[in-house]
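Got chain A; can you put chain B on it based on the hints?
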Amino acid sequence: MKNISAAFFGFFLALNAFGQNPFVQTDTPTFTPPLSPRNVGYQISANLDTDSHIISGREKIYFLNTSHKAIESIQIHLYLNAFASNQTPMESEIAPLRKMLKVPVNRKTIGYCRILHLTVNFSSVLHTLQVNNTVAAFTLPYPLNPGESTLIEIEFETRLPRLVIRSGYAGSFHMIAQWFPKLGVLRKDGSWDCPQYGGNGEFYSDFAVYDVRFDVPEGFNIIATGIKQEKATANHRNKFHYYAEDVHDFVAIAWDQFKFRKRKVGNCQLTVAYPPGHESVSLREMDALEGTFRWYNTHIGPYPYSAYTVIDTPFCALPASGMEYPMISTGFALKLVPEWFRLPEETVVHEFGHSYFQGMLASNEFREAWVDEGINTYMTALIMEDLYGKCNFNALPRFCADGFDRMLNNDYTALRYQKPDQPADTYTNRNAYTEASYDKVSMLLKTMENIIGKDKIIEIMKDYFNQFRFTHPNGKDFLRIFNAHTDNRYSKLMDIVIHSNTVPDAAILQVNRVAIPPFKGFVPEKTAYMEATANEKTVRFTVIMGKHQLPLPVPYRLTFSDGSVLNGQLEAEESTKTVIVNKGSEIRLVEACIDPKREILIDMDRSNNRYSKKGNTARRMGSAALLLIVMELYFYVF
Amino acid sequence: MAIHYLTQVALLILAYFVTAPGHFIKEHFGLFHVFGLWHQLAPLVLPLVLILYVLDGWLILSSLSTLLGRPLKRMDFLMYLSTSIFYLFLYLLSGGILYAALSPLIIHLRLSANTEVPVLLSYLLLILLIGLTWKWLTYLKWRSRIIYFQRDIGFSLKTPMAGWRNSLKWRDFFAFLLIVSGTIGIPLFFLGIGCYLQAPPLLASALMTAMLCFTIGKFFLLYTLWNRIAE
Numbered sequence: 001m002k003n004i005s006a007a008f009f010g011f012f013l014a015l016n017a018f019g020q021n022p023f024v025q026t027d028t029p030t031f032t033p034p035l036s037p038r039n040v041g042y043q044i045s046a047n048l049d050t051d052s053h054i055i056s057g058r059e060k061i062y063f064l065n066t067s068h069k070a071i072e073s074i075q076i077h078l079y080l081n082a083f084a085s086n087q088t089p090m091e092s093e094i095a096p097l098r099k100m101l102k103v104p105v106n107r108k109t110i111g112y113c114r115i116l117h118l119t120v121n122f123s124s125v126l127h128t129l130q131v132n133n134t135v136a137a138f139t140l141p142y143p144l145n146p147g148e149s150t151l152i153e154i155e156f157e158t159r160l161p162r163l164v165i166r167s168g169y170a171g172s173f174h175m176i177a178q179w180f181p182k183l184g185v186l187r188k189d190g191s192w193d194c195p196q197y198g199g200n201g202e203f204y205s206d207f208a209v210y211d212v213r214f215d216v217p218e219g220f221n222i223i224a225t226g227i228k229q230e231k232a233t234a235n236h237r238n239k240f241h242y243y244a245e246d247v248h249d250f251v252a253i254a255w256d257q258f259k260f261r262k263r264k265v266g267n268c269q270l271t272v273a274y275p276p277g278h279e280s281v282s283l284r285e286m287d288a289l290e291g292t293f294r295w296y297n298t299h300i301g302p303y304p305y306s307a308y309t310v311i312d313t314p315f316c317a318l319p320a321s322g323m324e325y326p327m328i329s330t331g332f333a334l335k336l337v338p339e340w341f342r343l344p345e346e347t348v349v350h351e352f353g354h355s356y357f358q359g360m361l362a363s364n365e366f367r368e369a370w371v372d373e374g375i376n377t378y379m380t381a382l383i384m385e386d387l388y389g390k391c392n393f394n395a396l397p398r399f400c401a402d403g404f405d406r407m408l409n410n411d412y413t414a415l416r417y418q419k420p421d422q423p424a425d426t427y428t429n430r431n432a433y434t435e436a437s438y439d440k441v442s443m444l445l446k447t448m449e450n451i452i453g454k455d456k457i458i459e460i461m462k463d464y465f466n467q468f469r470f471t472h473p474n475g476k477d478f479l480r481i482f483n484a485h486t487d488n489r490y491s492k493l494m495d496i497v498i499h500s501n502t503v504p505d506a507a508i509l510q511v512n513r514v515a516i517p518p519f520k521g522f523v524p525e526k527t528a529y530m531e532a533t534a535n536e537k538t539v540r541f542t543v544i545m546g547k548h549q550l551p552l553p554v555p556y557r558l559t560f561s562d563g564s565v566l567n568g569q570l571e572a573e574e575s576t577k578t579v580i581v582n583k584g585s586e587i588r589l590v591e592a593c594i595d596p597k598r599e600i601l602i603d604m605d606r607s608n609n610r611y612s613k614k615g616n617t618a619r620r621m622g623s624a625a626l627l628l629i630v631m632e633l634y635f636y637v638f
Numbered sequence: 001m002a003i004h005y006l007t008q009v010a011l012l013i014l015a016y017f018v019t020a021p022g023h024f025i026k027e028h029f030g031l032f033h034v035f036g037l038w039h040q041l042a043p044l045v046l047p048l049v050l051i052l053y054v055l056d057g058w059l060i061l062s063s064l065s066t067l068l069g070r071p072l073k074r075m076d077f078l079m080y081l082s083t084s085i086f087y088l089f090l091y092l093l094s095g096g097i098l099y100a101a102l103s104p105l106i107i108h109l110r111l112s113a114n115t116e117v118p119v120l121l122s123y124l125l126l127i128l129l130i131g132l133t134w135k136w137l138t139y140l141k142w143r144s145r146i147i148y149f150q151r152d153i154g155f156s157l158k159t160p161m162a163g164w165r166n167s168l169k170w171r172d173f174f175a176f177l178l179i180v181s182g183t184i185g186i187p188l189f190f191l192g193i194g195c196y197l198q199a200p201p202l203l204a205s206a207l208m209t210a211m212l213c214f215t216i217g218k219f220f221l222l223y224t225l226w227n228r229i230a231e
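Line by line, the protein sequences are chains A and B.
First residue of the first sequence: 1, per my numbering; consecutive thereafter.
First residue of the second sequence: 1, per my numbering; consecutive thereafter.
Warning: the hint list may mix true and false statements.
[Unchecked claim] Estimated spans, in silico, between C-beta atoms of each pair:
#, chain 1, residue 1, chain 2, residue 2, range
1, B, A101, A, N267, 54 to 64 Å
2, A, N431, B, L50, 32 to 42 Å
3, A, P553, B, Y99, 27 to 37 Å
4, A, L97, B, A101, 19 to 29 Å
5, B, L188, A, D495, 37 to 47 Å
6, A, G453, B, F17, 39 to 49 Å
7, A, L97, B, F17, 39 to 49 Å
8, B, I85, A, D562, 52 to 62 Å
Derived by calculation from the structure, the hints in this document are not laboratory data.
For each residue, glycine too, the CB sits at the ideal point set by N, CA and C.
Chain A on its own, in the form it takes in the complex:
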């Protein structure tokens, strides 16, 4: 036994010299040369008990010290400890969701991840393990110098919680996400970036090689990150072998009722795995997936992996929906979702977009969620418009709406005290997180698109992708590229929006109408007293407009009842402007509108953008009708 251990140890010492990840399949590597540094590798074998929802696993982790310092300890994520009790930070974040789903915290619904054995280069270090909720740390038997690698072996037990958010089981559906002990990210200065797992931030990991074997009861299927190498059945158990290179996470889904829809596009196998009953909606998802796949490959850069799967979750597993993982995402679809309501399509477009923005451009989602979520939300709207036209979110003609129409009607009060550039766990609630990280940034990028043009913004995204793919870019990297492409013309606005809690606003502040009496008086040049006739009455319209923290030129339009239109703009440096117009006394100001074409979307408070006497009647009557119905119902109740 000692000889075998010594042989393994020698093998790893040899690896140190070459820096080769030992879990790369040498006979059939997927990517040559590697797409990422591959300083981490995982070899996992896991056994799922679908009754107790417990995964018993063993993993070997290859880890190369890429920092500039020798390290003495290692930090790992034990994500599912977030569901271990009702006292964890995650639980307080998801309490409203748990209440809505009516899933109480009890011995059947909790989840955890615990380490049973832990060795580093065959020396047990379990006694040094310190667990703090979802993060554990242990001491290495000897310091690991820069450029040296080590082998960590872990035996672990994970219990999946009842599905409330992202991971867990629902009926026989098992969403096996963030389930294994996973290394944090080692910074160049030798410190660890391994934050606690919460409801808002999701990923931040190194690119790695995953060689994973799953053992599930017969009848269960496993869909997982990577390429399926093998499936075998023995002793009433199904055994799956998956292998993935240059991905930052590994997720698996086990279920016994999946149906599949497959389509080959280029060298990539696109799959939608859906529950019985979702036949028609899964076809919509597949069309959206193919369209998005082609769009990204044409406009941004190639999708390098040879498979992508959308998991259309069953109704009971909806809390797992709308999540992105490497090579896999979960869609949001209901059997009865009508054709005109394109939420399933939008979810597929958004989650596939994460293959680029966070999947390959692996920014730190805990620290700067806006870098992937904000940009990807904007890209989603851009692609949805290309694929489905103007009414890409709601295609009912009367209620035609795109993604931005929906966003503009959100409540953005949280933006008064939250900003995009802050750690995900510092947001007061989920709404504040989405308003700041998703909506505000995507509105900013849409505004930029309206000014600099769609082609230019796609060019910026393409450049960002080409420069930083398979690395860990941050917000500064993106802003640097953006500002370079736009000659720093919009850097001030970008800073205001991203680094502060200010919401830029443009508004019609005041509209006055003053009657000017006909002229009576002395005219010096004619040296005579003159009086205009009574029918020469005029009125003076004074329109006061203003803008706040919005260093962009903003157009305005005044429309009068004689059909005349006055167009102009507030210059970038102007904070207020007064427009005075004289008209005949019978003329009315029909509409005063700032940003009439709705191009400056970062002006998110649209309620003060328009003064009008038109269009109020139907709205008032609609309100009155609603009131009438409520009033009338009382007769049958009181």
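Chain B alone, transformed into the frame defined by chain A:
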């Protein structure tokens, strides 16, 4: 009836002006603004419903006492108010019981169903059961109020339950159900079309028709029940 109708029109006109969102309005009036309307209306609903309740109660009580051929008494108002409160309590109680009875099924389906269809059906069943129970309670409430007048039994604690005895007259209940459904359903249909098209003349005429339907329906209902109970 005419006074009733005019009262409603007056209240609606009041609502029209009070709910006016001012000159600064959103650029689009889309699907998502419809949800926003509620926040605008909520502070107005309670006072206007209370005003209508008082006016409506007074007009209906006047009609019933006219049918009886006697002037209104103070006790009539007390009877009207007490039946309202008593039956409101019963509505809430029955709704709560039905929800509690069906919630294990609903939760089970929510946590295990592959599609949303069984869950929606279970909610539909709940709404249907609550609707039918409430209609039955409303039927009993109006029977109690009419019996109080017809038999001139005087106000006591038993008055709100006066209509319970000999109440299993299905023909009466279905007549009640038909009139109520027509009274609510037809105007709602027109109002729905008016709101969808957002054409002010159409919406205005739909509103006027709706109110006419409500007024006629209410008095027709009282008249029918009065006659059926008198037989």
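Cross-check of the supplied hints:
A hinted range of 54 to 64 Å holds for the C-beta pair A101(B) and N267(A), which are about 57 Å apart. The given range of 32 to 42 Å is respected by N431(A) and L50(B), whose C-beta atoms sit roughly 34 Å from each other. For P553(A) and Y99(B), the Cβ-Cβ distance of about 57 Å falls outside the hinted range of 27 to 37 Å, so the restraint is violated. Taking 19 to 29 Å as the suggested C-beta distance range, the pair L97(A) and A101(B) conforms, at roughly 26 Å.
Judged by the Cβ atoms, the range 37 to 47 Å given for L188(B) and D495(A) is violated: they are separated by roughly 52 Å. As the Cβ distance of G453(A) to F17(B) is approximately 46 Å, the hint placing it in 39 to 49 Å holds. In this structure, L97(A) and F17(B) meet the distance hint of 39 to 49 Å, their C-beta atoms being roughly 42 Å apart. Distance hint check for I85(B) and D562(A): the Cβ-Cβ separation is about 60 Å, which falls inside the suggested range of 52 to 62 Å.
Hint check: violations occur at hints 3, 5; the rest are consistent with the structure.
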